[in-house]
Amino acid sequence: MHHGGEVAGLAMASTGPDRDGLELDVLKVALGPVLPGWPTGLVLRADLQGDVLTSAELAWLDADTRPAVEPDRAPQEAALDRLARFLDVAGWPTAARDARRARNGMAERANRDEAQRLAEAVTRRVNRSRTLAWTAGGIGGRGSGGDVLDRVRRWCDMASGQLVEDLPATSLKDVAALVEGAEIGSARLIVASLDLRPVQAASASEHVHA
Amino acid sequence: MPFAAQSLLFPSEGEESDMVALLSMAALIVAGIVGLYALSAALRTAREPAVVLPYESGLLPQQHAVSRYHARWYAVTVLFLAFDMEMIFMYPWAVVVADMGATAVVEMFGFLAVLLVGVTYVWREGALRWT
Amino acid sequence: MPEQTLAEAWGLAPAVLGVVAVGLILGLVVAAVDRAVVVGGTVGTVAAPLRDGARLLFEQRRTTLAPDRLLWRLGCAAVPTLALLSLAVVPVGGRTLWSTSADLVWFNAMEALLWAAVWLVGWGPNAVHALTGGYRFLAQGLAYELPLMFALITAGLAAGSLRTTDVVTAQEGLWFVVTMPVAFVVFVASAAAFAFWGPFTAPAGPDIAGGVTSELSGVDRLLVDLGRAVFLGAAAAMATALFLGGDAGPWLPGPVWFLLKTFAVVTALVWVGRRVPVLRPDRTVEIGWMVLVPMTLLQALVVAVLVLNGFYA
Numbered sequence: 001m002h003h004g005g006e007v008a009g010l011a012m013a014s015t016g017p018d019r020d021g022l023e024l025d026v027l028k029v030a031l032g033p034v035l036p037g038w039p040t041g042l043v044l045r046a047d048l049q050g051d052v053l054t055s056a057e058l059a060w061l062d063a064d065t066r067p068a069v070e071p072d073r074a075p076q077e078a079a080l081d082r083l084a085r086f087l088d089v090a091g092w093p094t095a096a097r098d099a100r101r102a103r104n105g106m107a108e109r110a111n112r113d114e115a116q117r118l119a120e121a122v123t124r125r126v127n128r129s130r131t132l133a134w135t136a137g138g139i140g141g142r143g144s145g146g147d148v149l150d151r152v153r154r155w156c157d158m159a160s161g162q163l164v165e166d167l168p169a170t171s172l173k174d175v176a177a178l179v180e181g182a183e184i185g186s187a188r189l190i191v192a193s194l195d196l197r198p199v200q201a202a203s204a205s206e207h208v209h210a
Numbered sequence: 001m002p003f004a005a006q007s008l009l010f011p012s013e014g015e016e017s018d019m020v021a022l023l024s025m026a027a028l029i030v031a032g033i034v035g036l037y038a039l040s041a042a043l044r045t046a047r048e049p050a051v052v053l054p055y056e057s058g059l060l061p062q063q064h065a066v067s068r069y070h071a072r073w074y075a076v077t078v079l080f081l082a083f084d085m086e087m088i089f090m091y092p093w094a095v096v097v098a099d100m101g102a103t104a105v106v107e108m109f110g111f112l113a114v115l116l117v118g119v120t121y122v123w124r125e126g127a128l129r130w131t
Numbered sequence: 001m002p003e004q005t006l007a008e009a010w011g012l013a014p015a016v017l018g019v020v021a022v023g024l025i026l027g028l029v030v031a032a033v034d035r036a037v038v039v040g041g042t043v044g045t046v047a048a049p050l051r052d053g054a055r056l057l058f059e060q061r062r063t064t065l066a067p068d069r070l071l072w073r074l075g076c077a078a079v080p081t082l083a084l085l086s087l088a089v090v091p092v093g094g095r096t097l098w099s100t101s102a103d104l105v106w107f108n109a110m111e112a113l114l115w116a117a118v119w120l121v122g123w124g125p126n127a128v129h130a131l132t133g134g135y136r137f138l139a140q141g142l143a144y145e146l147p148l149m150f151a152l153i154t155a156g157l158a159a160g161s162l163r164t165t166d167v168v169t170a171q172e173g174l175w176f177v178v179t180m181p182v183a184f185v186v187f188v189a190s191a192a193a194f195a196f197w198g199p200f201t202a203p204a205g206p207d208i209a210g211g212v213t214s215e216l217s218g219v220d221r222l223l224v225d226l227g228r229a230v231f232l233g234a235a236a237a238m239a240t241a242l243f244l245g246g247d248a249g250p251w252l253p254g255p256v257w258f259l260l261k262t263f264a265v266v267t268a269l270v271w272v273g274r275r276v277p278v279l280r281p282d283r284t285v286e287i288g289w290m291v292l293v294p295m296t297l298l299q300a301l302v303v304a305v306l307v308l309n310g311f312y313a
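Chains as they are written, first to last, in my numbering: chain A, 1 to 210; chain B, 1 to 131; chain C, 1 to 313.
To be clear, the hints were calculated from the coordinates, so they are not data collected in a lab. Every residue gets a Cβ at the ideal spot worked out from N, C-alpha and C, and that includes glycine. Any given hint could be a false lead.
To be verified - Label-pair restraints from in silico Cβ distances: (1) Gly-44/C to Thr-131/A: 54 to 64 Å; (2) Glu-23/A to Leu-53/B: 26 to 36 Å; (3) Thr-267/C to Thr-131/A: 46 to 56 Å; (4) Arg-44/B to Lys-28/A: 33 to 43 Å; (5) Val-117/B to Val-34/A: 47 to 57 Å; (6) Gly-44/C to Val-164/A: 32 to 42 Å.
The shape of chain A in the complex, shown without the other chains (with noise of 0.2 Å):
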């Protein structure tokens, strides 16, 4: 069975040491590239100790075969499309649901009074839940652009149709120094959180080409 520290054609963790002072398992796992509530095609390749990334190191999968032009959304759709995929991570299916029937109801433009009201309902709810602050709030905060909660809030304003200025693009790198040392959950937050796009990255990095 074991050939060389493998068991079953597959590796078993390796140790390392860890911020208790121990020397303990230190698994490597991909997060992504399809995960709910994530942008398609992150990878996220961490050390896992316990339940706490020591190490991450964020890609694009297939960022050049991509097409570089996102369909054309209004902002407001793609703001509740994001709150949306926000909420499933955060664990509140109720309010995702209201989120995403909001943006069907704004994409139909039959009923957008309708989608509106639905909108600022579901925004007011996020905005207002001291639950959600609590869960999720005061992680993701290095750097600018504020901790999760923030940019929750951010989203929350756009998706109820105010205008919101835009905030300077956060480089893979940044991303990293956010979830290095964050619970397995608080990550998955920290990065649904954030407004990540491989077209960005793919422009960047020709631009250093170039």
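Model the placement of chains B and C on the given structure of chain A, informed by the hints.
Frame of chain A; chains B and C shown alone:
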């Protein structure tokens, strides 16, 4: 509290006959579960289970997930054990409070207060947060 | 022996079958109400859990690379077994299937064994998300277990007995929920936590791709889902017995009252529980120890003082 302990440890005659009911229930549940597996085996067309790699969100796993998992809340488990032992005494205590009077209440809650001081210390040391 | 047990009143076979049937019906009610709140209620809502269950029977089973087959299967089977066995001490028709001087301890023990069962479900498939979920359940357990035990003890304290039928009888004057609202709320919330449902889904959380349930398929998944629903239903029934006067009520027969109250508890729990996002265990542990443990102890102290004054006598 000797009489309470006795009634907890030694079931009366009626309770022994009840054991039959409980064991029958356990047997029925086990039979039901085995029956469900059998029913499923009889109903489904694909008899053999599909051997798949564990879900790693689209990529192949690089290592076996079963490892020495670092449970970072190990300090809480020790705290929990201290309290859990205490809880076992609290069950028989609850039965005899009315008979024993104020002494029982004062002793129990005095003891709990001491334990709570320990909890506060552990909390201030930051052991209740691990991420 | 103050009263007859269900087995003595009905005969062994009908009593055992009856309790198991009540457990399954309670589980179905929980699943249907949950679905109605999350997806929106239609006529097919009640049938949907049944349909899902039937589909799982036909599904091809999946197995992962080098799983711990025995422990995995054992964990899956243990979840519904413990859930149904916990119903043995719940007085459904004014009587319990099994009546001892330590009924509350039995209920507690069934729920405590769930720690092992859920961890095994997470351990079995040799998958990272499942394993993380299994350990999350243990962390969550550290948060809810003590408040839950204190809530159980508070009810036993007021009744001066750990026999559930005695606790129900002790509420003839006044339902316990009036003097112990904290214990009632903590008990129901803990029920959601040990069934890892709603705001306490973290062990099976969407952020870890379904956690302990992520690699389950076929009958295994059916058993775990069933066990969680039955546990929630059993806990709602237990809450009815311990805090809401059991089968007491005017005009209607006792069992009807009992089921109506249980249904009300389930509905309230699902309605409130689905209004909030998942609470992360690494934060609930702190709340559990620094807020809920002192609060439930204070509740127990208040009840103990009331007992000394002969309030419940």
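Review point. What hints, given by number in increasing order, does this structure fail?
Key: 1 and 3
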